[in-house]
Amino acid sequence: MTSRVIFPHKVLPYLLLVPQIAITLVFFYWPASQALRQSTLREDPFGLVTTFVGLGNFRQVLSDPDYIGSVQTTIIFSAATALIPMAIALVLAVMADKVIKGRGFYRTLMIWPYAVAPAIAGMLWLFLFNPTIGTFAYMLRRAGYDWDPLLNGNQAMLMIIMAAAWKQISYNFLFFVAGLQAIPKSLLEAAAVDGAREVKRFWTIVFPLLAPTSFFLLVVNTVYAFFDTFGIIHAVTSGGPGKATETLVYKVYNDGFVNLMLGSSAAQSVILMGIVIALTAIQFRYVERKVHYA
Amino acid sequence: MTLRGFIPGFVTALALSVSAPALAATEISWWHAMTGANNDVVETLAKEFNASQSEYKVVPVFKGTYPETLNAGIAAFRAKQPPHIMQVFDAGTGVMMGAQGAIKPVADVLTEAGATFDKSQYLPGIVAYYSKPDGTMLSFPYNSSSSILYYNKDAFQKAGLDVNAPPKTWKEVFEAARKIKQSGAAPCGLTSTWLTWIQLETFSAWNNVPYGTKENGLAGLDVELKINAPIFVNHFQAIADLAKDGVFRYGGRTSEAKNLFLSGECAIMTESSGGLGDVLKSGLNFGTGQLPYDSTAQGAPQNTIPGGASLWVFAGHKPDEYKGVAAFFKFLSQTDIQSRLHQVSGYLPVTLAAYDATKKSGFYEKNPGRETPILQMMGKAPTENSKGVRLVNLPQVRDIENEEFEKMLAGQQTAQQALDNAVKRGNAAIKQAIGQ
Numbered sequence: 001m002t003s004r005v006i007f008p009h010k011v012l013p014y015l016l017l018v019p020q021i022a023i024t025l026v027f028f029y030w031p032a033s034q035a036l037r038q039s040t041l042r043e044d045p046f047g048l049v050t051t052f053v054g055l056g057n058f059r060q061v062l063s064d065p066d067y068i069g070s071v072q073t074t075i076i077f078s079a080a081t082a083l084i085p086m087a088i089a090l091v092l093a094v095m096a097d098k099v100i101k102g103r104g105f106y107r108t109l110m111i112w113p114y115a116v117a118p119a120i121a122g123m124l125w126l127f128l129f130n131p132t133i134g135t136f137a138y139m140l141r142r143a144g145y146d147w148d149p150l151l152n153g154n155q156a157m158l159m160i161i162m163a164a165a166w167k168q169i170s171y172n173f174l175f176f177v178a179g180l181q182a183i184p185k186s187l188l189e190a191a192a193v194d195g196a197r198e199v200k201r202f203w204t205i206v207f208p209l210l211a212p213t214s215f216f217l218l219v220v221n222t223v224y225a226f227f228d229t230f231g232i233i234h235a236v237t238s239g240g241p242g243k244a245t246e247t248l249v250y251k252v253y254n255d256g257f258v259n260l261m262l263g264s265s266a267a268q269s270v271i272l273m274g275i276v277i278a279l280t281a282i283q284f285r286y287v288e289r290k291v292h293y294a
Numbered sequence: 295m296t297l298r299g300f301i302p303g304f305v306t307a308l309a310l311s312v313s314a315p316a317l318a319a320t321e322i323s324w325w326h327a328m329t330g331a332n333n334d335v336v337e338t339l340a341k342e343f344n345a346s347q348s349e350y351k352v353v354p355v356f357k358g359t360y361p362e363t364l365n366a367g368i369a370a371f372r373a374k375q376p377p378h379i380m381q382v383f384d385a386g387t388g389v390m391m392g393a394q395g396a397i398k399p400v401a402d403v404l405t406e407a408g409a410t411f412d413k414s415q416y417l418p419g420i421v422a423y424y425s426k427p428d429g430t431m432l433s434f435p436y437n438s439s440s441s442i443l444y445y446n447k448d449a450f451q452k453a454g455l456d457v458n459a460p461p462k463t464w465k466e467v468f469e470a471a472r473k474i475k476q477s478g479a480a481p482c483g484l485t486s487t488w489l490t491w492i493q494l495e496t497f498s499a500w501n502n503v504p505y506g507t508k509e510n511g512l513a514g515l516d517v518e519l520k521i522n523a524p525i526f527v528n529h530f531q532a533i534a535d536l537a538k539d540g541v542f543r544y545g546g547r548t549s550e551a552k553n554l555f556l557s558g559e560c561a562i563m564t565e566s567s568g569g570l571g572d573v574l575k576s577g578l579n580f581g582t583g584q585l586p587y588d589s590t591a592q593g594a595p596q597n598t599i600p601g602g603a604s605l606w607v608f609a610g611h612k613p614d615e616y617k618g619v620a621a622f623f624k625f626l627s628q629t630d631i632q633s634r635l636h637q638v639s640g641y642l643p644v645t646l647a648a649y650d651a652t653k654k655s656g657f658y659e660k661n662p663g664r665e666t667p668i669l670q671m672m673g674k675a676p677t678e679n680s681k682g683v684r685l686v687n688l689p690q691v692r693d694i695e696n697e698e699f700e701k702m703l704a705g706q707q708t709a710q711q712a713l714d715n716a717v718k719r720g721n722a723a724i725k726q727a728i729g730q
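Note that the protein sequences, when read in sequence, are chains A and B. Here the first sequence is numbered in my numbering, starting from 1 and rising by one per residue. Here the second sequence is numbered in my numbering, starting from 295 and rising by one per residue.
It should be emphasised that the hints constitute simulated quantities derived from the structure, not laboratory data. Careful: at least some of the hints might be erroneous.
[Said to hold, decoys possible] Subject to a maximum C-alpha distance of 16 Å in a straight line, what follows is the list of computed EDC-like cross-link-like pairs (lysine to aspartate or glutamate):
#, chain 1, residue 1, chain 2, residue 2
1, A, Lys243, A, Asp228
2, B, Lys725, A, Asp64
3, B, Lys654, B, Asp630
4, B, Lys538, A, Asp148
5, B, Lys725, A, Glu43
6, B, Lys701, B, Asp535
7, B, Lys538, A, Asp146
8, B, Lys718, A, Asp64
9, B, Lys413, B, Asp402
10, B, Lys701, A, Asp66
11, B, Lys701, A, Asp148
12, B, Lys426, B, Asp448
13, B, Lys718, A, Asp66
14, B, Lys624, B, Asp428
15, B, Lys617, B, Glu321
16, B, Lys701, B, Asp714
17, B, Lys508, B, Asp428
All values derive from a computational prediction rather than experimental measurement.
Between the sequences and the hints, there should be enough to build the whole structure, so can you do that?
Rendered as structure tokens:
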């Protein structure tokens, strides 16, 4: 049986909720409703002529081969940006867990990149790898490697994945360290006594017990890859070359603010809104229950 | 999705904060996209104008890059808080012209303020580009430029080329670039900024071939692109072949390639005359020449089209404020101001008087090559292929062209495929933009 706390006051709880609701109304419901309205309209950039087109914008977006291409780009980019930092952060966290001297120092250093803004992270990598000004680009070309992310789509993709993943390692590291600390030492010791070696202990005990943390990070990383990497893409490739690094979010910006097709851009953001809602639902349903925050 | 609703509110707040100071003088806001030395010029002009009279006060506000400034202006108009004057780049001209109710033609602003507006005082090539088909001047040409050839004299010397005779045709340029690469005089022979503006829009005017139907959009909105004609295909296939051999290097969609020239990596570059300042500052031993033309084109070279930006006036302000705008434009048209702007910045003078004054002062003798961009534009009376390119969504069409070029230069498609795709996708985008 669950026990419930009963508040005697009838109005107070609602009053306490008002600020939160007001903020949500102003910063989510109002703009979201504007996006919904705009997605059914077609108008010129200045808003001088407006026509109602119903679901026309959605039909046009979903039948646009460029949009389908952008979906594929997003999947590749998001999968890599979600999984690479997890793998690296897990290795680092396991290693950091073993360090005894200067533990806090290592951990602090590992967490720092998280404080770097996406656009700055993008610029850092751009300065290193841009073919016209980058130091590493110069060295790569000197070494005879044909490094040209301005024209080679795969290299451009690699560059933004590196920048986006690098920034996310810290966050993943933090959660894995916490997850590792939550694993009872007695389990590991018992396994050691039974003769399980380190590698075996990791795969049979540590890794499964980290599963809830991993799943949580997968969802968070995916949301990050979808929505928070705009700054990196904008600074490094602007969606190019061709459309090789144009993710769904970047396309919303590009179609709305560069190509001035507001209706199409709004329809795309409504589709994205659906994706976020789905992701959030998954997170609440399956993850919140299982993750133990240490 | 939150951005959409947020921007107009934000812009309103900004606009309010800008127009807040309580002064007796009528304020005229001027949104612009000038950075560095060119930003100083804007500030100086406003200061000088404000000091020259007490009735009006021009307040310049930097709004970011060219596209960002255009978007800020559009968002401000939608929030009913537009600035008085906004600087719009060449490619945004069609966007502004498509917004008949949002803008007030500069010709009207000037005549309503009682100023005698004489179009013949202005450089014809520039005025034609910023005018309606019936000849009404819509925007004030503030900074106009034209693309020219820059070359590295040291590399030319090393490769055994004539340092004082830059190549005149594209064929000669390509040969020189190959020679430079093969002789090891420089790691890369040729590069170009703004492939869309220089190698397509200006290329078509300079060689007198159509970029699109309807006089490239000056005579009507429903334009069909003609950029997959053989002359364009041959030109771009030659560039693609050079890129494959490492003779041509791509820098980016706008002016990034300038760095490749400044670092000495590429020995020849086509770039805007407005980029002269940076090249001078680099201390490179360089020369300039006329923009190359295609020797197979009949009657080439024709004339080049202006790039750069112009000043637009938004509709819906008070008559008194328009008088201030007119006074400011009259101030900008003064001969000494125009000749100074031209000589300091590398942009073209807007009035013929300023051009004559600069000529008489002996400036061109002391600074060879500085007259080239003007001569290119004024050399011949423009034909229907060479008045300029005007599309309601030129920024978008340029993006499409850039995407196809990038795939071509990466070796994924031929020039024919790239240009065919650009025409197909560009035409579809134009149709959608004009609501067909």
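Against the structure, the hints:
1. Only pairs whose Cα atoms come within 16 Å are accepted, and A/Lys243 paired with A/Asp228 is rejected, the gap being roughly 19 Å.
2. Restraint check for B/Lys725 and A/Asp64: satisfied, since their Cα atoms lie roughly 15 Å apart, inside the 16 Å limit.
3. For the suggested pair B/Lys654 and B/Asp630, the alpha carbons sit about 13 Å apart, so the restraint of at most 16 Å is met.
4. A threshold of 16 Å between alpha carbons decides the hint, and for B/Lys538 with A/Asp148 the separation of about 12 Å falls inside it, so the pair holds.
5. Proximity of B/Lys725 to A/Glu43 is assessed by CA-CA distance (about 14 Å); at most 16 Å being required, the pair is judged to hold.
6. A distance of roughly 13 Å separates the Cα atoms of B/Lys701 and B/Asp535; the hinted pair therefore holds under the 16 Å criterion.
7. In summary, the hint linking B/Lys538 to A/Asp146 is supported, as the alpha carbons are separated by about 12 Å, within the 16 Å threshold.
8. In summary, the hint linking B/Lys718 to A/Asp64 is supported, as the alpha carbons are separated by about 14 Å, within the 16 Å threshold.
9. About 12 Å separates the Cα atoms of B/Lys413 and B/Asp402, which keeps this hinted pair within 16 Å; it holds.
10. Of the supplied pair hints, the one linking B/Lys701 and A/Asp66 holds, its CA atoms being roughly 14 Å apart against a limit of 16 Å.
11. Restraint check for B/Lys701 and A/Asp148: the C-alpha separation of about 13 Å stays at or below 16 Å, so the hint holds.
12. Taking the CA atoms of B/Lys426 and B/Asp448, the gap is about 46 Å. The hint is violated against a cut of 16 Å.
13. Only pairs whose Cα atoms come within 16 Å are accepted, and B/Lys718 paired with A/Asp66 is accepted, the gap being roughly 14 Å.
14. Among the hinted pairs, B/Lys624 with B/Asp428 is inconsistent with the structure: their alpha-carbon atoms are about 23 Å apart, more than 16 Å.
15. Under the criterion of a C-alpha separation no larger than 16 Å, the hint pairing B/Lys617 with B/Glu321 is consistent with the structure, at around 11 Å.
16. Proposed proximity of B/Lys701 and B/Asp714 is supported: the alpha carbons are some 13 Å apart, at most 16 Å.
17. At most 16 Å may separate the alpha-carbon atoms for a hinted pair to count; B/Lys508 and B/Asp428 meet this at roughly 14 Å.
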